[in-house]
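As a plain string of letters, each chain reads:
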Amino acid sequence: QQQVKQSPQSLIVQKGGISIINCAYENTAFDYFPWYQQFPGKGPALLIAIRPDVSEKKEGRFTISFNKSAKQFSLHIMDSQPGDSATYFCAASIKGGATNKLIFGTGTLLAVQP
Amino acid sequence: EPEVTQTPSHQVTQMGQEVILRCVPISNHLYFYWYRQILGQKVEFLVSFYNNEISEKSEIFDDQFSVERPDGSNFTLKIRSTKLEDSAMYFCASRKRSGNTIYFGEGSWLTVV
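Each protein sequence line maps, in turn, to chains E and F.
Numbered according to this note's numbering, the first sequence spans residues 1 to 114.
Numbered according to this note's numbering, the second sequence spans residues 1001 to 1113.
This is chain F alone, in the form it adopts within the complex (with noise of 0.2 Å):
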């Protein structure tokens, strides 16, 4: 069954540096999302993308945070200058045209220390 993979699985990064998480969506979905999950808490919306640009964002998502496509099958998520409130599970995910179901890939857990 075709999955969403998101690499890396774990990162640690220091305080101020740059995180890139990557995400390939399902091949025949167009519509992609990112999620975060602070340990122990609910899975919150960051931003939605669809035809090449951001279609939803919350207020979570500031300036610190952009999504990128850079070929046809990649999705990333930048933080530009991590700071230790973004240590969380990073949840990609993607959507068909049709149908409602969003598929979640198993995230990607950030720890800025």
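If we strip away everything but chain E, and leave its shape as in the complex, we get (with noise of 0.2 Å):
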């Protein structure tokens, strides 16, 4: 239950294209949702993050689109740029809780071409 589910486990799009990348939990009781972006070599940086009283957040070219009825968030990544190549983690966690740790899902690595 403290699992986070990601997929896909890799991605290739097109300059200009839209990244699309999903999640699941079980939990109920997790209420923060962040995702993170990884450069080969580096580490985890937050790059949008949602709670579960809003559908949708947008920053720029990234876009959450939360539905917490089915318990699902996806990260969208508008026209996407080849300097956006990178492994993508989404994560869950519970404020308030002893530690707000991060559960990470599995990953996507997206390549874009250009």
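It is possible that some hints are incorrect.
[Stated by the list, open to error] Simulated crosslink set (BS3-like; lysine-lysine; CA at most 25 Å straight-line):
#: 1; chain 1: E; residue 1: K68; chain 2: E; residue 2: K95
#: 2; chain 1: E; residue 1: K42; chain 2: E; residue 2: K15
#: 3; chain 1: E; residue 1: K42; chain 2: F; residue 2: K1078
#: 4; chain 1: E; residue 1: K58; chain 2: E; residue 2: K95
#: 5; chain 1: E; residue 1: K68; chain 2: F; residue 2: K1042
#: 6; chain 1: F; residue 1: K1078; chain 2: F; residue 2: K1042
#: 7; chain 1: E; residue 1: K42; chain 2: F; residue 2: K1042
#: 8; chain 1: E; residue 1: K71; chain 2: E; residue 2: K95
#: 9; chain 1: F; residue 1: K1057; chain 2: E; residue 2: K95
#: 10; chain 1: E; residue 1: K58; chain 2: E; residue 2: K5
#: 11; chain 1: E; residue 1: K58; chain 2: E; residue 2: K15
#: 12; chain 1: F; residue 1: K1042; chain 2: F; residue 2: K1096
#: 13; chain 1: E; residue 1: K57; chain 2: E; residue 2: K68
#: 14; chain 1: E; residue 1: K42; chain 2: F; residue 2: K1096
#: 15; chain 1: E; residue 1: K71; chain 2: E; residue 2: K5
#: 16; chain 1: E; residue 1: K71; chain 2: E; residue 2: K58
#: 17; chain 1: F; residue 1: K1042; chain 2: E; residue 2: K95
#: 18; chain 1: F; residue 1: K1057; chain 2: E; residue 2: K5
#: 19; chain 1: F; residue 1: K1057; chain 2: F; residue 2: K1096
#: 20; chain 1: F; residue 1: K1096; chain 2: E; residue 2: K57
#: 21; chain 1: F; residue 1: K1083; chain 2: E; residue 2: K42
#: 22; chain 1: E; residue 1: K71; chain 2: E; residue 2: K57
#: 23; chain 1: E; residue 1: K42; chain 2: F; residue 2: K1057
#: 24; chain 1: E; residue 1: K58; chain 2: F; residue 2: K1096
#: 25; chain 1: F; residue 1: K1057; chain 2: F; residue 2: K1083
#: 26; chain 1: E; residue 1: K5; chain 2: E; residue 2: K42
#: 27; chain 1: F; residue 1: K1057; chain 2: F; residue 2: K1042
#: 28; chain 1: E; residue 1: K5; chain 2: F; residue 2: K1042
#: 29; chain 1: E; residue 1: K95; chain 2: F; residue 2: K1096
#: 30; chain 1: E; residue 1: K68; chain 2: E; residue 2: K58
#: 31; chain 1: E; residue 1: K5; chain 2: E; residue 2: K95
#: 32; chain 1: F; residue 1: K1042; chain 2: E; residue 2: K71
#: 33; chain 1: E; residue 1: K57; chain 2: E; residue 2: K5
Rather than coming from a laboratory, the hints here were simulated on the basis of the structure.
Using the supplied hints, reconstruct the complex from the two chains, each of which is provided in its own coordinate frame.
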């Protein structure tokens, strides 16, 4: 129940296209859902995050869509650029928990072709 | 922008040796974490630390692991007797008291041979 399932495992998108990565969770106590971007040899960096009281959050070319009833959330990257090529991890945590530890999905390796 | 810094960036050690990975969290942060990422796999929680004690640990964090905050700035992860399967990237992370954002360092790559 602590798992976060992420798909696809890898994704190839043409420059200018839309990249979509999906995640699903079981634990209804999760109430914070960030997406992290990781470049090779670097640590994960927060990209965008959402709380379950909203269905969508947009920051520039990045949008999170959240479906509370389905316990799913997704990351959309509009106008994908070669510089977006990285591994993307969804995650979930419980606010006010002892630690707010993040439970990560398995990651999606995105390659944006020029 | 403040960042979490980790040393060493890469360490090679013999199986059975002790390893200490060091971290300097962001200065006004109060929650500290260690995560592990085996090559090509997801990032896994190891341990969280708050108010000078472990607040939560995963089943990965067995008796071979320990954490310490020896002074006001450093946060260390010690592996007492390394195994081959401890080879991974170890990330230190930190968070303010309020807010959810967890900031990660660039990692320490540990290779056990």
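Status of the hints after comparison with the structure:
Of the pairs offered as hints, the one joining E:K68 and E:K95 holds, with about 16 Å between alpha carbons and a cut-off of 25 Å not exceeded. Between E:K42 and E:K15 the CA atoms are separated by roughly 23 Å; this keeps the pair inside 25 Å, and the hint holds. Distance restraint check for E:K42 and F:K1078: the Cα-Cα separation of roughly 21 Å lies within the 25 Å cut-off, and the hinted pair is therefore satisfied. This hinted pair checks out: E:K58 and E:K95 have alpha carbons roughly 21 Å apart, not beyond 25 Å.
Note on E:K68 and F:K1042: the hinted pairing holds, with a Cα-Cα distance of about 24 Å set against a maximum of 25 Å. This hinted pair checks out: F:K1078 and F:K1042 have alpha carbons roughly 22 Å apart, not beyond 25 Å. For the hint pairing E:K42 with F:K1042, the CA-to-CA distance comes to about 14 Å; that is within 25 Å, so the pair holds. Distance hint between E:K71 and E:K95 is fulfilled; the C-alpha atoms sit about 17 Å from each other, no more than 25 Å.
Between F:K1057 and E:K95 the alpha-carbon distance is near 17 Å, which keeps this suggested pair within the 25 Å criterion. Proximity of E:K58 to E:K5 is assessed by CA-CA distance (about 22 Å); at most 25 Å being required, the pair is judged to hold. Between E:K58 and E:K15 the CA atoms are separated by roughly 20 Å; this keeps the pair inside 25 Å, and the hint holds. For the hint pairing F:K1042 with F:K1096, the CA-to-CA distance comes to about 24 Å; that is within 25 Å, so the pair holds.
Proximity of E:K57 to E:K68 is assessed by CA-CA distance (about 14 Å); at most 25 Å being required, the pair is judged to hold. Pair hint E:K42 plus F:K1096 holds up; C-alpha atoms about 22 Å apart against a cutoff of 25 Å. In summary, the hint linking E:K71 to E:K5 is supported, as the alpha carbons are separated by about 11 Å, within the 25 Å threshold. A C-alpha spacing of about 19 Å is found between E:K71 and E:K58, which places the hinted pair at or below 25 Å, so the restraint holds.
Our distance criterion of 25 Å between C-alpha atoms is met by F:K1042 and E:K95, whose separation comes to about 22 Å. Distance check on the hinted pair: F:K1057 and E:K5 sit about 22 Å apart at the alpha-carbon level, within 25 Å; holds. In summary, the hint linking F:K1057 to F:K1096 is supported, as the alpha carbons are separated by about 19 Å, within the 25 Å threshold. With a C-alpha separation of about 23 Å, the suggested pairing of F:K1096 with E:K57 holds against the 25 Å cut-off.
Taking the CA atoms of F:K1083 and E:K42, the gap is near 24 Å; set against the 25 Å cutoff, the hint holds. Of the supplied pair hints, the one linking E:K71 and E:K57 holds, its CA atoms being roughly 16 Å apart against a limit of 25 Å. Distance restraint check for E:K42 and F:K1057: the Cα-Cα separation of roughly 24 Å lies within the 25 Å cut-off, and the hinted pair is therefore satisfied. Distance hint between E:K58 and F:K1096 is fulfilled; the C-alpha atoms sit about 24 Å from each other, no more than 25 Å.
At most 25 Å may separate the alpha-carbon atoms for a hinted pair to count; F:K1057 and F:K1083 meet this at roughly 19 Å. Distance check on the hinted pair: E:K5 and E:K42 sit about 23 Å apart at the alpha-carbon level, within 25 Å; holds. The straight-line distance between the Cα atoms of F:K1057 and F:K1042 is roughly 17 Å, inside the 25 Å bound, and the hint therefore holds. With a C-alpha separation of about 11 Å, the suggested pairing of E:K5 with F:K1042 holds against the 25 Å cut-off.
Note on E:K95 and F:K1096: the hinted pairing holds, with a Cα-Cα distance of about 13 Å set against a maximum of 25 Å. Between E:K68 and E:K58, the direct Cα distance comes to roughly 17 Å. Compliance with the 25 Å bound is thereby established for this hinted pair. Annotation: proposed proximity of E:K5 to E:K95 holds, straight-line Cα distance about 20 Å (limit 25 Å). Between F:K1042 and E:K71 the CA atoms are separated by roughly 20 Å; this keeps the pair inside 25 Å, and the hint holds.
Using a Cα cut-off of 25 Å, the hinted pair E:K57 and E:K5 holds, with the two alpha carbons roughly 20 Å apart.
In this structure, every one of the numbered hints holds.
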